[in-house]
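Once you've looked at the hints, dock chains B and Z with the ligands against the given chain Y.
Residue numbers (the numbering used here), protein chains in the order written: chain Y, 1 to 306; chain B, 1 to 181; chain Z, 1 to 466.
Since the hints were made in silico from the structure, they are not lab data. It is possible that part of the hints are untrue.
Said to hold, decoys possible - Taking beta-carbon pairs under 10 Å as the criterion, some of the chain B residues facing chain Z (in silico):
no., residue
1, Ser15
2, Glu28
3, Gly103
We put the beta carbon where it would ideally sit given N, CA and C, even for glycine.
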Amino acid sequence: DPIVIKFAHVVAENTPKGLMADRFKELVAERLGDKVVVEVYPNSQLFGDDKVLEVMQLGDVQLAAPALSKFSRYTDVLALYDLPFLFEDLHAVDRFQQSEAGQGLLKSMEKKGLIGLGYLHNGMKQLSSSQPLRVPEDAKGLKFRIMASEVLEAQFEALDAAPIKKPFSEVFTLLQTKAIDGQENTWSNMYSKKFFEVQPYITESNHGLLDYLVVTSTEFWNGLPDDVRDTLKAALDESIAYGNRIAYDKEAEDRQAIIDSKRTEVIELTPEERAQWVQAMRPVWKQFEDEIGADLIDAAYAANQE
Amino acid sequence: MFLRIIDKTEEAIISLLLVAITLLVFAEVVLRFGFGTGVSWGQEATLHLAGWFVLFGASYGLKTGAHIGVDAFVQLFAPLGQRLISALAILLSLGYCGLLGYGAWVYLHKMYRIGIELEDIPLQAWIAHSILLIGMVLLSLRLLVLLWDVATGKTTGFRRTDEARESLHLAEEIKREVSKP
Amino acid sequence: MTTATLFLLLFGCMLLGMPIALALGFSSIVTILLFSNDSLASIALKLFEAVSGHYTLLAIPFFILASSFLSTGGVAKRLIRFATGVVGHIRGGLAMASVLACMLFAAVSGSSPATVAAIGSLVIVGMVKAGYPKQFAAGVITNAGTLGILIPPSIVMLVYAAATEVSAARMFMAGFVPGILLGLLLMVAVYIVARVKKLPALPWPGLREVLSAAFSASGGILLIVIVLGSIYGGVASPTEAAAVSAVYAFLIAVIGYRDMGPLKTIPWRRPGEGFGRLLLRNAWQVPLALPQSFTHPEVRKVVLDAAKVSIMLLFIIANAMLFAHVLTTERIPHQIAETIVQWGLSPWMFLIVVNILLLIAGNFMEPSAILLIMAPILFPIAMQLGIDPVHFGIIMVVNMEIGMLTPPVGLNLFVTAGITGETLGWVIRSVLPWILLLLGFLMLVTYVPQLSLFLPEYLDQLKGYR
Ligand code: NA
Ligand code: NA
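If we strip away everything but chain Y, and leave its shape as in the complex, we get (with noise of 0.2 Å):
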C-alpha cells in the first residue's frame, strides 16, 4: 500500500495556501507516485486550525500549514514572528527565514512531538478601522479584533487600544456593526473575507507579519523511509517556493483590487508618521524578549539589512 499524506488547510484552493498544497500533490505523484499519495482538503473540511495540530499528533493527518500564531501551545519562540515592525518587508522575512536562525527555529517543537518543514507567505498586516488612522493616537480607546495571541494582545493594549477576541465567523458583522473598530490582516485576507467592505478605512502599515508554517508530526516524518523523506522535503521546498511567489503576487492584487473596489479608503503613511507607530509599538519587544530571545530578535532584526 502507499503511504497516504492527508494534507488538511482552512483556506480555498485558489490561494496561495491552497495552490501550494495542489502543486505538492502534483509533484509528489510524479516522483513517488506509486510510494506515496497526497489527499489535499482544503476549507476545514477535514479540521480547523485550532484541532489539526491534535489530531496530526493522532497520526490522522500529516501536513498541515496553520497561521504561526496557533503554535503557541507548543513554543513560546515562535511568537518572534508576531513582533510588531519587527520585518520591513516580505524580502527581509525571506532572508530571516533562510537563514540558520531562522531554519533553526523550525526544530522549536520536536519535544511536543511537531516539526516544521518550512515557512509560507501570507503576507505582511495592515490595519482596518471605522475611522482613519494616521498617528498611533488614532487607535487610543478602540477596539481591535485579534488572533489568540500574547504579542498581538500586548501590541493593541501599547496602542492604549482594546484587543477582542472573537471567532471569525463573527468577526464580519461586529465590523458591520461596529460593535469592533477594527482588525489587522494582510491584504488577502482582508479581501477574500471581504473585511474591506465593512471597514471604511484600511492604514497601509505593513506593521507585522501573517505567515503559515508548514507542519508535520515527529512520529510520521522520522518514520519515513530516508529516500522518501528526502524525495519529499525535496518537492515541499519547491512547492513552497511555488506558493511564496504566488503570494507576493497575490498581495499586490489583492491591495489594487480593494483599493478599486472603492469601498474602503487606503491610508498611506509618511515616513514620519509610520516612525511614531513603530516607536509606539516597540516597548511590546521588551515584554517578550525573556519568552523569545534577545539574540533571536536581534537576528531577525537584522534581516532588514540586505
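Below, chains B and Z with the ligands without anything else, positioned relative to chain Y:
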C-alpha cells in the same frame, strides 16, 4: 434517596453550565460596550463550557426522553416486538458510546503525554477535553438502566411518554393562564 | 459501497427508534471504521470540535432560554393578547403576524433554527390558544423560520461569499427582496388557508383594549427592540444579542412582571404605599431577588427545561457534523458534482440539476458544510455558463432553506419538535404542504434572476461602485 441526590446534582450542573455560558457572553458584551475592554479567556471558556454542557447533558436527555427519534416503525409491533427492537437499538447505542469512549481515551492519553495547555487558559488540554470520556461513560450508564427497564418490561423504548409529556407542561400552563377570564 | 453503507446504517438505526443524534453518530463511526483508516481518537476529537467549536450555534440555547422565561412568565401571554388585539379580527391574522415576527427576527439573526426557536416557542402556543390547529401553527413557523438565512444578515451567505469571493454586502442586498417576497407569499398563503378552512377571527376588541394590551406587553415588545437595537446599534453580534435577550427575559419575568420567582407575591407597589417607601422597599428586595432566583424552584425549572431542549438540539447538530465529516472524507459530494460537470448541460438544465442536488444534500448535511463543499465545485461551472455569481448564491441559499425542513437532517424540524414536544413525524406532516410553496418559490428565484439582482445592482450604481 441516593438516586434522588444524583438526579438533583445532575440537574444543578446542567443548569449552572447554561447559566454560566449565558452570563459569560453577556458579561463580554457589557465589558466591551460599557468599558471598552474584553477578557482574553472569554471566548475559549465559553466554547469549552458549551462542550461540557452538551456532552454532560446528553445522558440526562436520555433519562428524560428529550432526545427525539422516529418511533413510527417500532409502533407497528406488539409490545414484545417493540421491546426486542428497542433492546437492539440500545445495544447499538452502547456501541456508539463504546467506540467514541475508546477514541476519547486514546486521544486524552495522547494529550496527557504531550502535555499541552489550552490557548488562553492555563489548563491542561486533556482535563479540558475529558468530558468526552465522562460523557460517554454517563451515557452508557443511562443506556444500561434503560436496557434493564426494557428487559423487565417497565418500558418499551427510548421515548418515555410520561416524562416527555413534561416538556409540554409549558404550553399547557400558558393555555390555562390565558383561558382564565 | 461506502455511501450505501452509510445511508443504510443511518436509516436502519432510525427505524429501530434510536435517537437521531445517536443514529447519525453511530452510522458515521461504523462507516469510518469499515472504509477508512481514520482513528477513533480523531473521530472523538471531531465530536468535541463539533460541540465546542461553533460560537454561532450558541445563539440557539440562548434564544431558547429567553423564550423559556418569556413563555413561562406572563410575557408571552401579554404579547399574544396584544397581537390578537391588533390582527385577531383578520382571518388568519395571528398567523400572519407570526410570519411578520419571523421576518423581523430574521433581519437580526443569521440562523434559521434560531429564528424558529425564538419566535416559535412564543407564538405556537398562542396560536393554539386562539383556536388554530396546532399542526397549522407549527407548519407556518417552521417554514417562516427559514427566512433567517435569506433575509440578511445570514451566516450561510457569509460562508458562500468566503467560498467564492463574491461580495458579502451584495449577497446580503440580494437576499432582501426575495426574503420579503417569501414572507409576503407565506402571509398570502396563510390568508387563503384561513379563508378556506374558516380559521378563527375574533371580533375587533376596540382601540382601548389594544392600547392597554400594548402597554401591558411593552416589556416583551422591548425585547425585540433590544435584540434589533443591540445588533444595529453596534453593541453586539447576533449570538451575543441572544445572550443579552436571555438575561433581559429573566429580568423582565422575575423582576419586571413578577409572574414567577421570589418576587411573585410581592407587588411593585403595595396598596396605599407612598413613593419613598416603595423605592426603599424595592431597593433591597430587587437585589436580594437576584441571588434568591438561583434556588427558586420556578426559575430553576425554566432553566432546566431550556437546557434540556438545547442539549438535545446541539447533540444532534454535533453528530450531524460527524456525519458530514464522513461524507467529506469519503468525497461523496465531490464525486456527484464531478459527474454533473461531465454531462455538459445548458444553463437552465444545469440550474435544475443544481437544485435537485442541493435539495438532496440538504437532507443529510448542515447548510454551511454543504456550501463549503459544493460551492467551490459548482461555482466555476455556473460562471462558465454565464450565471450571475450573486444570483447563483441566492439559489443556493434558498435550497439550503428547504434543506432545513426535510428529514433526516432538518434543523428547523428538530427545533419545532423540541419546542412543541411533538414527535418528528408530526412535525414533518405539519411542514409538508408548506414545502410545496417553498419549492415554487425556488423555481421563481431560479428563473427570475432580477428578483435577486435588482437591489444590489441599483445600490452599486447609486454608490458609484460600478
Ligand atoms: Na437573517
Ligand atoms: Na434537511
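Status of the hints after comparison with the structure:
1. Satisfaction of the interface hint for Ser15/B is found here, the shortest Cβ-Cβ separation to chain Z being roughly 4 Å, below the 10 Å cut-off.
2. At a threshold of 10 Å, the smallest CB-CB gap from Glu28/B to chain Z is about 7 Å, leaving the interface hint in force.
3. Below 10 Å, beta-carbon pairs count as interface contacts, and Gly103/B has one with chain Z at about 3 Å; its hint therefore holds.
Going down the numbered hints, you'll see the structure goes against none, and every one checks out.
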